[in-house]
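Residue numbering for the sequence shown follows the numbering used here, starting at 1 and increasing by one per position.
Each hint should be verified, as a subset may be incorrect.
[Said to hold, decoys possible] Below, computed lysine-lysine pairings styled on DSS-like, alpha-carbon distance capped at 27 Å: (1) Lys-214 / Lys-197; (2) Lys-36 / Lys-240; (3) Lys-322 / Lys-303; (4) Lys-311 / Lys-322; (5) Lys-111 / Lys-312; (6) Lys-127 / Lys-158; (7) Lys-316 / Lys-138; (8) Lys-74 / Lys-240; (9) Lys-70 / Lys-303; (10) Lys-311 / Lys-70; (11) Lys-70 / Lys-97; (12) Lys-322 / Lys-36; (13) Lys-170 / Lys-74; (14) Lys-91 / Lys-303; (15) Lys-113 / Lys-170; (16) Lys-74 / Lys-322; (17) Lys-15 / Lys-91; (18) Lys-97 / Lys-200; (19) Lys-310 / Lys-97; (20) Lys-311 / Lys-113; (21) Lys-192 / Lys-179; (22) Lys-127 / Lys-15; (23) Lys-179 / Lys-36; (24) Lys-148 / Lys-170; (25) Lys-113 / Lys-97; (26) Lys-197 / Lys-104; (27) Lys-127 / Lys-311.
What the hints contain is simulated information worked out from the structure, not anything from laboratory work. No experiment lies behind these values; they were computed from the predicted model shown.
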Amino acid sequence: MGFELLYLADLDEQKWEELLFNSPLSTFYHKSAWAKLWFSSFVYFTPLFLVYSGENGEYTAGFPFILSDKYRLKRAYSMPFSTYGGMILSKELSSEKAEELYRKIDEELRKLKLASVEVIDFFGQQKNLNQYGYNAVKVYTHLLDLSKYIDDPVHKTKRGAIQAEKKGVKVEPLSSVEKIRDCYNLVLERDKRHGLKRSKFPLGLYENIWNILKSGEELRWSVATVDEQIIAFQINFLYKDTIYYWEGASLSEALNLRPNDALFSDTIQWGISQGYRYFNLGGSPEKAEGLVRFKEAWGGERKEYFIYSKKKFWYKTAEKLKRIL
Numbered sequence: 001m002g003f004e005l006l007y008l009a010d011l012d013e014q015k016w017e018e019l020l021f022n023s024p025l026s027t028f029y030h031k032s033a034w035a036k037l038w039f040s041s042f043v044y045f046t047p048l049f050l051v052y053s054g055e056n057g058e059y060t061a062g063f064p065f066i067l068s069d070k071y072r073l074k075r076a077y078s079m080p081f082s083t084y085g086g087m088i089l090s091k092e093l094s095s096e097k098a099e100e101l102y103r104k105i106d107e108e109l110r111k112l113k114l115a116s117v118e119v120i121d122f123f124g125q126q127k128n129l130n131q132y133g134y135n136a137v138k139v140y141t142h143l144l145d146l147s148k149y150i151d152d153p154v155h156k157t158k159r160g161a162i163q164a165e166k167k168g169v170k171v172e173p174l175s176s177v178e179k180i181r182d183c184y185n186l187v188l189e190r191d192k193r194h195g196l197k198r199s200k201f202p203l204g205l206y207e208n209i210w211n212i213l214k215s216g217e218e219l220r221w222s223v224a225t226v227d228e229q230i231i232a233f234q235i236n237f238l239y240k241d242t243i244y245y246w247e248g249a250s251l252s253e254a255l256n257l258r259p260n261d262a263l264f265s266d267t268i269q270w271g272i273s274q275g276y277r278y279f280n281l282g283g284s285p286e287k288a289e290g291l292v293r294f295k296e297a298w299g300g301e302r303k304e305y306f307i308y309s310k311k312k313f314w315y316k317t318a319e320k321l322k323r324i325l
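Work the whole structure out from these sequences, hints included.
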């Protein structure tokens with residue numbers, strides 16, 4: 001019984017999965033498999049888990065995070081690149097014990113002498129962080145309640161998917177690791193079109209997603225094709241009653257074929273058939289008006305959540321200078 005800081009290799013993954021399964025506030029991104037992906041894809045990322053064990057050795061609380069030491073700057077993310085994280089608590093823990101654990105987490109993180117800490121709070125349960133010097137920023141996603149489609153199978157947004165089918169667009173599962181390069185080329189084209197100097201993620205991350213998750217029931221990677229050419233793709237993660245949209249891209253020259261409508265319609269219909277309740281459509285930046293309209297056209301409803309961050313003064317100053325320069 002007690003609090004431990006564990007590396008991924010020392011984590012009892014079965015106990016961790018049991019904690020997540022029994023907590024109503026866990027997401028796919030709390031899973032050890034998600035931590036493995038970052039460890040496998042970035043040399044400067046180290047997955048760590050602050051775990052509290054009960055009297056019988058079971059995990060009753062946990063805080064997963066990724067430690068980054070890129071450029072010799074130690075930063076912690078729970079979890080990285082705006083995916084959800086934060087403290088996971090079992091139902092049996094009292095509010096007093098939860099408060100004690102938040103205090104312990106703050107102590108352990110301070111020992112690491114971090115330049116910054118970022119915690120993504122999807123369920124609005126990490127408010128205790130405010131008293132430890134964290135600043136909260138409100139952000140948004142869109143959630144689609146799939147039950148609304150059960151009684152309205154021919155939703156107006158299916159028209160785009162019907163048009164896509166008439167134009168020869170087919171949706172199918174990704175068939176092999178060799179096809180990942182085709183998907184990644186769409187990512188590169190999209191990011192170049194948006195003026196990015198380089199893409200956020202390397203090809204290796206996409207390959208690791210396939211290699212690590214393909215054998216389980218947590219990945220649904222779909223592609224839209226015309227004459228066997230991949231013109232769009234969509235990566236979704238699956239956990240409990242929710243489908244999590246993570247990534248997708250499409251060929252600009254093929255947008256008139258409506259491949260994204262075909263992919264979203266396919267995911268929705270599949271999710272309903274498999275008993276999923278929600279389709280989380282991913283982050284919705286307020287300035288991305290076109291993206292927001294697309295999600296809301298599918299019936300997505302805006303949901304707020306919070307990013308808690310704590311940064312050293314010198315690190316905040318360096319960030320401001322970087323933006324100016």
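Taking the hints in turn, this is what the structure says about them:
no.: 1; hint: Lys-214 / Lys-197; result: violated (30 Å)
no.: 2; hint: Lys-36 / Lys-240; result: holds (20 Å)
no.: 3; hint: Lys-322 / Lys-303; result: violated (31 Å)
no.: 4; hint: Lys-311 / Lys-322; result: holds (15 Å)
no.: 5; hint: Lys-111 / Lys-312; result: holds (14 Å)
no.: 6; hint: Lys-127 / Lys-158; result: violated (40 Å)
no.: 7; hint: Lys-316 / Lys-138; result: holds (19 Å)
no.: 8; hint: Lys-74 / Lys-240; result: violated (33 Å)
no.: 9; hint: Lys-70 / Lys-303; result: violated (32 Å)
no.: 10; hint: Lys-311 / Lys-70; result: holds (16 Å)
no.: 11; hint: Lys-70 / Lys-97; result: violated (34 Å)
no.: 12; hint: Lys-322 / Lys-36; result: violated (31 Å)
no.: 13; hint: Lys-170 / Lys-74; result: violated (45 Å)
no.: 14; hint: Lys-91 / Lys-303; result: holds (24 Å)
no.: 15; hint: Lys-113 / Lys-170; result: violated (51 Å)
no.: 16; hint: Lys-74 / Lys-322; result: holds (18 Å)
no.: 17; hint: Lys-15 / Lys-91; result: holds (15 Å)
no.: 18; hint: Lys-97 / Lys-200; result: violated (39 Å)
no.: 19; hint: Lys-310 / Lys-97; result: holds (23 Å)
no.: 20; hint: Lys-311 / Lys-113; result: holds (11 Å)
no.: 21; hint: Lys-192 / Lys-179; result: holds (21 Å)
no.: 22; hint: Lys-127 / Lys-15; result: holds (26 Å)
no.: 23; hint: Lys-179 / Lys-36; result: holds (22 Å)
no.: 24; hint: Lys-148 / Lys-170; result: holds (25 Å)
no.: 25; hint: Lys-113 / Lys-97; result: holds (25 Å)
no.: 26; hint: Lys-197 / Lys-104; result: violated (40 Å)
no.: 27; hint: Lys-127 / Lys-311; result: holds (17 Å)
Violated hints, listed in ascending order, are 1, 3, 6, 8, 9, 11, 12, 13, 15, 18, 26; each of the other numbered hints is respected by the structure.
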